[in-house]
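Q: Residues per chain are reported as follows:
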Amino acid sequence: EDQVTQSPEALRLQEGESSSLNCSYTVSGLRGLFWYRQDPGKGPEFLFTLYSAGEEKEKERLKATLTKKESFLHITAPKPEDSATYLCAVQGGSNYKLTFGKGTLLTVNP
Amino acid sequence: GAGVSQSPSNKVTEKGKDVELRCDPISGHTALYWYRQRLGQGLEFLIYFQGNSAPDKSGLPSDRFSAERTGESVSTLTIQRTQQEDSAVYLCASSWTGEGETQYFGPGTRLLVL
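For the protein sequence lines, the chains are A and B, in the order given. Residue 5 in the numbering used here sits at position 5 of the first sequence, and the numbers go up by one each step. Residue 71 in the numbering used here sits at position 71 of the second sequence, and the numbers go up by one each step.
Source of the hints: derived by calculation from the structure; they are not laboratory data. Be careful, since some hints might not be right.
What the hints assert, rightly or not - One side of the interface only, derived from the structure: several residues of chain B facing chain A at Cβ under 8 Å:
1) Tyr33
2) Gly98
3) Pro107
Stated by the list, open to error - Short, incomplete list of chain B residues facing chain A, as computed with Cβ under 7 Å:
4) Gly42
5) Glu99
6) Gly106
Quantities reported herein were computed from a predicted structural model and do not represent experimental measurements. For every residue, glycine included, the Cβ atom is placed at its ideal position computed from N, Cα and C.
Work the whole structure out from these sequences, hints included.
A: Given below as structure tokens:
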């Protein structure tokens, strides 16, 4: 069974203080690893898809990386508007469902 | 273009009543998924539709839950004889196909069972 563990559960940063969120996973035959952002009261908003170890993707202050066992979401010089819950999910094997972690709640203080 | 839409956005019901939740996927997306998000928990897969194939119902928690999809368009999730533990946000997502494709989520329906 696919499993995803995200850490830390919560992270509080000062504006401009860079950090990383971790997503550890076990999956049989990775089809894709997905990062989403979720704001309170809203549905998850797609950020990145990674397909193979060594792959990296960037968008504004965010950069996602992937190894065979984990993914990192690096946040460079965050701003208060980056505050949200960040979700990691995997799709693997013969299933098309996503298996999600519980998320990391990021708070960026001005 | 338009994203995934869901209705109602909020639903309050009494224990034992039936509820029906609706999802309109992104036009052209052949795959449609339902997930449940309970407070403090990760999203849980419920059911997956792909074109005219038989749906994957492996995530439905009990026989009180059922879902239908009309062709490659609207889907409805029905919960019969609701229980308090059914209180959650029900999220719908769609993708072009199933394999490795990004799933785009709707805003969700917040269900509260009293």
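Q: Are the hints correct? Go through all of them and say.
A: Against the structure, the hints come out as follows:
| no. | hint | verdict |
| --- | --- | --- |
| 1 | Tyr33 | 7 Å, holds |
| 2 | Gly98 | 4 Å, holds |
| 3 | Pro107 | 5 Å, holds |
| 4 | Gly42 | 4 Å, holds |
| 5 | Glu99 | 6 Å, holds |
| 6 | Gly106 | 5 Å, holds |
Every hint from the earlier list agrees with this structure, and none is contradicted.
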